[in-house]
Amino acid sequence: MTVPVEPVLEISELSVAYRGAAGDVRAVERVSLSLRPGEVVGLAGESGSGKSTLAYGACRLLRPPAVITGGSVTYRGRRLAGRSVEVLERTPPELRELRWREIAIVFQSAMNALNPVLRVRDQLLDVVEAHLSLTKLDARERVASLLDLVAIPRDRLRSYPHELSGGMRQRVMIAMALAVDPEVVIMDEPTTALDVVVQREILGQIVELKQRLGFAVLFITHDLSLLLELADRIAVMYAGQLVEVASAHAVHHGPAHPYTKGLLNSFPSLRGPRRELAGIPGSPPDLRSLPAGCPFVPRCGFATDECTKVDMVLRAVPGARDPGHVSACPFVAPGAQAPDGKGTVSEVAS
Amino acid sequence: MTVALPVRGARARGATRRAAGARRLSTKARIGALICALFVVAAIVGPMVAPYDPSAQSFAPVDILHAPSMAHLLGTTARGEDVLSQVLVGLRATLVLGLLTGLIATVLAVVVGISAGFLGGFWDELLSLLSNVFLVLPALPLLVVLIGYLPQRGQTSTILVLSLLGWPWGARVIRAQTLTLRGRDFVAASRETGERTWRVIFFEILPNEVSLIAASFVSTVLYAIGTSVALAFIGLTNFSQWSLGLILYWAQNGNALQLNAWWWFAPAGLCVALLGTGLVLLNFGIDEIGNPRLREAAGRVRIEGRAWRPADPTPVVRSGSTRSPAARPEAR
Chain A
2 MTVPVEPVLE ISELSVAYRG AAGDVRAVER VSLSLRPGEV VGLAGESGSG KSTLAYGACR
62 LLRPPAVITG GSVTYRGRRL AGRSVEVLER TPPELRELRW REIAIVFQSA MNALNPVLRV
122 RDQLLDVVEA HLSLTKLDAR ERVASLLDLV AIPRDRLRSY PHELSGGMRQ RVMIAMALAV
182 DPEVVIMDEP TTALDVVVQR EILGQIVELK QRLGFAVLFI THDLSLLLEL ADRIAVMYAG
242 QLVEVASAHA VHHGPAHPYT KGLLNSFPSL RGPRRELAGI PGSPPDLRSL PAGCPFVPRC
302 GFATDECTKV DMVLRAVPGA RDPGHVSACP FVAPGAQAPD GKGTVSEVAS
Chain B
154 MTVALPVRGA RARGATRRAA GARRLSTKAR IGALICALFV VAAIVGPMVA PYDPSAQSFA
214 PVDILHAPSM AHLLGTTARG EDVLSQVLVG LRATLVLGLL TGLIATVLAV VVGISAGFLG
274 GFWDELLSLL SNVFLVLPAL PLLVVLIGYL PQRGQTSTIL VLSLLGWPWG ARVIRAQTLT
334 LRGRDFVAAS RETGERTWRV IFFEILPNEV SLIAASFVST VLYAIGTSVA LAFIGLTNFS
394 QWSLGLILYW AQNGNALQLN AWWWFAPAGL CVALLGTGLV LLNFGIDEIG NPRLREAAGR
454 VRIEGRAWRP ADPTPVVRSG STRSPAARPE AR
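Protein sequences, first through last, are from chains A and B. All residue numbers for the first sequence refer to my numbering, where the first residue is 2 and numbers rise by one. All residue numbers for the second sequence refer to my numbering, where the first residue is 154 and numbers rise by one.
Calculated directly from the structure, the hints in this document are not laboratory data. Treat the hints with caution; some may be incorrect.
Cβ-to-Cβ under 10 angstroms is the rule here; a few derived chain A residues that face chain B [what the hints assert, rightly or not]:
{"no.": "1", "residue": "Val17"}
{"no.": "2", "residue": "Arg20"}
{"no.": "3", "residue": "Pro66"}
{"no.": "4", "residue": "Ile69"}
{"no.": "5", "residue": "Leu150"}
{"no.": "6", "residue": "Ala317"}
All values derive from a computational prediction rather than experimental measurement. Backbone N, C-alpha and C define an ideal beta-carbon position, used for all residues, glycine too.
Use the sequences and the hints to build the structure in full.
Below you can see the structure in the form of structure tokens.
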């Protein structure tokens with residue numbers, strides 16, 4: 002399905018830790034993930050699984066005491082004409098060039114990310130003026146066209162954030178992210194605070210804009226059902242590690258890792274037979290002292306003694322239709338049922 | 154549930170203990186606390202350890218305006234009094250005045266500020282009007298008039314007058330903070346769970362204002378000390394009770410500056426200045442205690458021997474920290 006193109010953003014073996022007096026909290030552990038041009042990659046996982054830390058860490062936006070302890074992040078944009086940029090090696094002024102112009106972010110809470118005392122226009126102008134050298138008139142025209150892009154009437158330019166609805170604010174955030182034509186847009190739960198109708202509208206808009214402007218999206222969410230529809234590929238994180246990466250189709254129809262199976266089992270599907278929602282018992286492990294082997298063992302229905310000795314690397318899933326389908330679990334096959342029934346997809350709608 | 158990491162080396166262990174133990178204060182705050190503690194100790198034991206009676210005059214020529222010597226560590230005044238004894242005795246009166254004024258004015262400020270902010274409506278109007286009136290009163294001239302014409306010109310009347318004029322600043326700030334806190338969800342939630350009004354005020358709202366109240370207290374103490382010294386300097390004080398201000402009054406009266414008798418006025422002046430510095434530094438520390446967010450991570454963080462500011466990009470530290478997941482040291 003995918004032609005091998007060079008990824009626009011390549012995160013490899015990235016590790017991020019939070020330094021504390023009691024030791025490092027290893028929030029992201031040797032995660033490799035690549036984002037091809039124009040692709041939507043979904044990053045799913047529970048709260049605290051390291052999704053946001055991974056994305057912000059790759060942009061070096063995390064504040065100390067967060068520390069990147071290893072790995073590399075390579076960016077190759079069209080504007081760089083074939084050169085590649087090592088994000089982790091860059092100095093602060095070089096990073097400033099890279100941020101927003103190349104990699105933009107739609108932050109989680111539009112209420113807090115917009116300055117309440119500035120008009121929408123001024124906030125958008127800030128972005129444009131910081132990165133492009135346009136005349137005042139051109140900059141204003143660009144800002145107005147940005148609102149067109151996200152289907153907000155132009156007369157809203159003079160509004161303050163509190164005068165906009167939640168959906169509008171989120172769309173302003175998206176417009177702001179797209180203000181200077183980035184190649185990569187990181188979306189950190191952009192629709193979590195919105196109701197489903199508005200959520201649907203905004204997701205549709207993201208897809209449409211992506212097709213029109215050709216940026217790649219790293220979409221962070223805990224809502225796997227949303228990703229099944231939106232994303233080209235889905236990466237599932239657990240306890241700071243990737244446990245499965247596959248195309249959305251493969252994740253939906255043949256999840257290989259027990260954790261992914263559990264996630265899929267935590268929400269009802271609209272079509273197909275009714276089934277019991279199993280969820281995932283227990284809670285995520287303490288990142289300061291992960292157990293040996295697979296961190297999911299205490300909550301896994303498939304767990305055996307072998308699991309505590311397993312090396313957490315992503316391996317190709319045998320017999321998967323998607324050649325890029327990788328999972329960290331070498332024992333469980335996509336169709337397998339858990340011995341005690343927990344954490345499995347009992348019915349698969351096709 | 155939480156398993157502690159086996160920590161390497163004594164340094165890591167010390168850090169753990171420190172974090173678990175007393176709240177960590179910044180160096181500024183520690184210096185301020187130290188200075189203030191020294192002054193409090195001096196004020197408590199000062200009169201007992203004073204080598205001479207501060208009012209004992211001696212007109213022997215050797216005792217008049219003598220520069221610091223072994224017999225008089227801080228020299229003598231024009232009337233042969235020991236300056237060190239005067240400072241040690243005077244410190245207590247000045248400090249007691251400052252602390253009492255701070256206490257009374259802060260209590261007034263808290264009561265007025267929280268009532269105005271929390272009750273709203275008519276009471277807010279009334280109390281705000283009151284504090285605005287007191288705020289625009291020109292303090293020093295009024296103090297001069299009040300203290301000058303009060304029948305008894307003593308410590309108590311000065312404290313009362315200073316308290317009466319010192320509360321409106323704090324009250325305004327606390328009222329504003331109470332207004333914003335009153336609208337927060339946690340206050341609405343606590344009302345919804347059936348907490349009584351006094352409980353909402355004292356257990357929900359007040360703890361959020363601790364740093365504000367403490368800062369208001371410290372600055373009122375500072376104001377009281379400064380003003381009382383100024384009043385004493387112009388002669389509006391009880392002449393039978395030694396205070397730092399009275400020392401300065403006599404020094405000025407005796408032309409200490411013209412006579413180059415620096416030891417007469419410098420110790421008292423330095424005490425006032427140092428006390429002020431200590432109080433201001435302490436104020437920073439109170440901010441950190443009252444606002445948990447200021448305590449850690451908000452400021453600079455030291456990682457791998459380098460200080461990082463919050464605006465810096467995420468530090469990249471590769472040395473010795475990359476471990477393969479197969480060989481996790483803490484998974485023993």
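For the hint on A:Val17, just tell me whether its beta-carbon gets within less than 10 angstroms of chain B. Check passed: Cβ of A:Val17 comes within 7 angstroms of chain B, closer than 10 angstroms.
Would you settle whether the hint for A:Arg20 is holds or violated, based on the nearest Cβ-Cβ distance to chain B being less than 10 angstroms? Given a least distance of 6 angstroms, the restraint on A:Arg20 holds.
If you take the shortest Cβ to Cβ gap from A:Ile69 to chain B, is it below 10 angstroms? Cβ of A:Ile69 sits 4 angstroms from chain B, so the hint holds.
Close enough to count: is the Cβ of A:Leu150 nearer than 10 angstroms to one in chain B? violated (29 angstroms)
Given A:Pro66 as an interface hint, is the shortest Cβ-Cβ distance to chain B below 10 angstroms? holds (5 angstroms)
Chain B contact restraint on A:Ala317 - CB to CB distance below 10 angstroms: Violated: closest Cβ of chain B sits about 19 angstroms from A:Ala317, beyond 10 angstroms.
When the structure is compared with the earlier hints, violations turn up for hints 5 and 6 and for no others.
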